[in-house]
Structures are given as structure tokens and as C-alpha cells.
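Peer 1: Read top to bottom, the protein sequences are chains E and F.
Sequential numbering from 714 applies to the first sequence in this note's numbering.
Sequential numbering from 31 applies to the second sequence in this note's numbering.
By construction, these hints were calculated from the structure, which means they are not laboratory data.
Keep in mind that the hints are not guaranteed to be accurate.
[Stated by the list, open to error] DEER-style ranges, computed between Cβ atoms:
1) Thr88/F to Met761/E: 18 to 26 Å
2) Arg720/E to Glu175/F: 22 to 30 Å
3) Thr88/F to Lys756/E: 53 to 61 Å
4) Arg720/E to Asn247/F: 48 to 56 Å
5) Arg212/F to Met761/E: 44 to 52 Å
6) Glu741/E to Leu289/F: 29 to 37 Å
7) Gly737/E to Asn101/F: 21 to 29 Å
8) Pro740/E to Asn286/F: 32 to 40 Å
9) Lys756/E to Ser262/F: 16 to 24 Å
10) Asp766/E to Ser262/F: 49 to 57 Å
11) Gly136/F to Arg720/E: 50 to 58 Å
Quantities reported herein were computed from a predicted structural model and do not represent experimental measurements.
Ideal Cβ placement from N, Cα and C applies to all residues, glycine included.
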Amino acid sequence: MIVNGQRETLEAPISVTELIEERGLRPERVAVELNGDIVPRNKRSEVMLHDGDTVEIVTFVQGG
Amino acid sequence: MSTTDNGATSQDNAEPSLDELVGTATNTAILPEPDAHAYDSIATGESDPLILGGHKFTSRFILGSGRYDLNLIKATIENAGTQIVTMALRRCRTTDNNLLDYIPKGITMLPNTSGAHNAKDAVRIARLAREVCQTDFVKIEIEHETKYLLPDNRETIKATEILANEGFVVMPYMFPDPIAARQLEEAGAACVMPLGSLIGSNKGLRMRDFIEVIIANAHVPVIIDAGIGRPSQAAEAMEMGADAVMAYTAIASAGNIPLMARAFKHAIEAGREAYLSGLGTVTEGHAVPSSPTNAADYLH
């Protein structure tokens with residue numbers, strides 16, 4: 714699995730919610746994209762991630 | 031200019047007419063005797079709102095949130111009197127000390143698409159930004175390189191059309207080409223945001239002649255987005271009829287950031303009021319007397 718451009722090994726499938734929790738991120742501050750499609754907030758607990766998936770987790774930073 | 035998407039002017043609303051308060055631009059001598067606070071509603075924007083995608087704003091100052099100490103953001107926003115703050119979307123490593131924790135409630139968040147090289151990237155970033163903060167506002171920025179950071183008008187028009195159709199309030203950063211400005215309007219932009227000079231250059235309105243053409247022909251607000259380096263330049267932009275000014279570098283590079291934010295607020299309000307008042311005529315090669323010139327009344 715590739716998360717934010719970094720290759721990682723996924724032992725077993727996990728949900729998007731679990732991935733956010735595992736990284737210590739606040740779910741209300743991020744958006745998640747799975748293989749190019751947004752995972753809506755209300756689907757995060759049911760959408761499962763598998764090895765081979767590409768995930769982007771994004772948030773807001775300062776910028777003009 | 032102050033128009034909504036459907037072309038209705040803000041004066042069509044039931045609010046106090048601006049004309050009632052300021053009289054005509056050419057004959058202020060016939061004003062009824064105003065009380066001292068007759069113009070307060072203009073200064074506060076209540077009778078002269080900036081309308082973007084049907085949303086009303088009383089401030090005409092959009093503030094960039096970049097690069098200064100997060101602890102200064104609240105004071106800077108308050109001193110600026112701003113209601114719209116821009117931000118960027120990036121990969122998330124931590125949500126500790128997140129920018130959104132420092133933005134006061136009630137501020138409209140304006141995510142930009144910086145990092146986008148084409149329309150497809152910009153659309154992707156805009157959708158993700160909407161997912162983070164549930165806002166429909168997006169400032170499109172499509173740039174190919176980091177030396178000049180010039181916007182790609184053609185890709186920006188493409189992205190504007192796609193995002194406007196998805197219900198976004200699209201605010202496109204653009205090179206001040208009047209033809210592109212018209213095409214952005216046709217594509218559904220809520221405003222156009224021409225650059226005054228290169229981003230972060232503090233050089234002011236180097237593109238003035240072309241921005242004037244855009245302002246003269248626009249049916250959506252014209253917001254000067256880049257290069258405004260000092261309050262006098264912001265006032266100049268507003269005097270010539272810009273609907274709002276966005277600034278960041280001028281404020282972030284000041285010695286006292288919140289104080290400079292306040293200076294910009296005053297300059298933008300002053301420029302707007304000057305524009306509404308109607309500037310005097312410029313003369314060339316001769317003076318215009320400001321005292322009576324009847325020869326018979328002189329003491330000699």
C-alpha cells in the first residue's frame with residue numbers, strides 16, 4: 714500500500730477510519746482519497762484498504 | 031462590480047440605497063445635511079456588500095494565511111477585519127497545531143489549489159478541500175513553475191467550468207487578460223482575481239491598464255490578488271474600482287504583522303469610499319483655482 718507517497722506493508726485489510734486512528738490524526742481535519750476517489754466521511758468505517766491501494770490523506774496548511 | 035451571478039445589482043435588494051446616502055458621483059453639493067454617521071454603513075460594508083456566489087461580505091479584504099506564526103493569525107484576522115482567509119491543501123502528517131484550530135469561528139475558508147499544474151489537478155484539490163472543511167469556496171491557482179508563479183488562464187477556465195457546474199463558488203487567480211476574464215465569467219466564475227504584479231513581489235499594480243479594462247467590462251467582482259505590497263497600493267486598486275484586494279506577503283513581511291493588517295483594512299476602506307465618492311478630474315498644464323477669482327473683489 715502507498716500512503717502519501719510512502720510504500721507501506723499492510724498485514725491485513727483495515728478500514729479508512731482505522732488508518733486515520735492508527736496515525737493519531739483527527740478525522741474532522743482530514744480528507745482521504747483512495748485510488749483517486751474521495752472516501753466520504755460517512756463511508757470511512759466501511760471502506761476497507763488492501764495491499765496495493767494508493768491512499769492520500771490531506772489537510773489544510775497555511776497558504777496564500 | 032457588485033453584482034450577483036444572475037446579474038442583479040446589490041442595490042436591487044431592500045437595503046438602503048447607496049445613492050440615498052452618497053448622492054450622485056458628480057454633484058455632492060446637493061446632499062441633504064447628513065448627520066455625522068450617515069456614511070457609517072458604507073464604511074462597515076453593510077450597505078455596500080461584496081457578493082460572491084450569493085454570499086454577502088462586509089469586508090473587502092481577503093487575507094492569505096501563509097507562513098507567519100500560527101499564534102499571530104487570530105490577531106491578524108481581527109485587525110484586518112477580514113471575513114475570508116485562504117489556505118492550501120497538502121499531505122497530512124499530523125493534525126496537531128492544525129491551521130483550522132487557529133482560525134476564528136465565522137471566517138469563510140477559501141482553499142486554494144496551489145500545486146495544481148492543470149485543470150485536472152485543480153479539480154481534484156478542490157474536491158478534497160471541500161471534503162476537509164465542507165466549504166464550496168475555492169480559489170483556483172494553476173501554475174507550471176515556481177520562479178514566476180504565473181497562472182495558466184486556459185487551464186483555469188477549464189477548471190472553473192467543471193467546478194462551477196459542481197456548485198463551487200469559484201474564485202480564479204488569473205493573468206490580467208480581459209478576454210480570459212470574460213471567458214472565466216462565462217464559465218461560471220464568482221469573481222475574477224487578476225494579479226497586480228508577480229506573487230510576493232510587493233510591486234503593486236504593474237498591470238493597471240489591463241485590470242482597468244477588466245473592471246470596466248466585468249459583471250462579477252474583480253479582486254486584485256497578487257503583488258499588492260503596501261496599503262497605498264491597495265487603496266489605489268480600490269480607487270480605480272476593484273471590488274476587493276487579497277494580500278499576504280505585504281503583511282507577513284511587515285515588522286508588525288497585525289498592525290500592517292489594520293493599515294491595509296483602512297486603506298481598502300478609504301479606497302472604496304473614494305471610488306464611491308467619484309474622484310476629481312486630473313488636469314494637465316494649468317492650475318484650477320480653489321478661491322474666488324473675480325478681479326473686482328481682490329484688495330489691490
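Peer 1: Against each hint, give a clear statement of whether it holds in the structure.
Peer 2: Structure-based check of all given hints:
The beta-carbon spacing between threonine 88/F and methionine 761/E, approximately 47 Å, falls outside the hinted interval of 18 to 26 Å. A hinted range of 22 to 30 Å holds for the C-beta pair arginine 720/E and glutamate 175/F, which are about 29 Å apart. The hinted range of 53 to 61 Å is not satisfied by threonine 88/F and lysine 756/E, whose Cβ atoms lie roughly 38 Å apart. The supplied range of 48 to 56 Å is met by arginine 720/E and asparagine 247/F, whose beta-carbon atoms lie about 52 Å from each other.
At about 48 Å, the beta-carbon gap between arginine 212/F and methionine 761/E stays in the expected band of 44 to 52 Å. Checked against the given bound of 29 to 37 Å, the beta carbons of glutamate 741/E and leucine 289/F, roughly 33 Å apart, stay inside it. About 23 Å separates the C-beta atoms of glycine 737/E and asparagine 101/F, a value consistent with the hinted range of 21 to 29 Å. Taking the beta carbon of each, proline 740/E and asparagine 286/F are about 38 Å apart, inside 32 to 40 Å as hinted.
Checked against the hint of 16 to 24 Å, the C-beta distance between lysine 756/E and serine 262/F comes to roughly 51 Å, which is inconsistent with it. In this structure, aspartate 766/E and serine 262/F meet the distance hint of 49 to 57 Å, their C-beta atoms being roughly 53 Å apart. Judged by the Cβ atoms, the range 50 to 58 Å given for glycine 136/F and arginine 720/E is violated: they are separated by roughly 42 Å.
Hints 1, 3, 9, 11, counting from the list given before, are not met by this structure.
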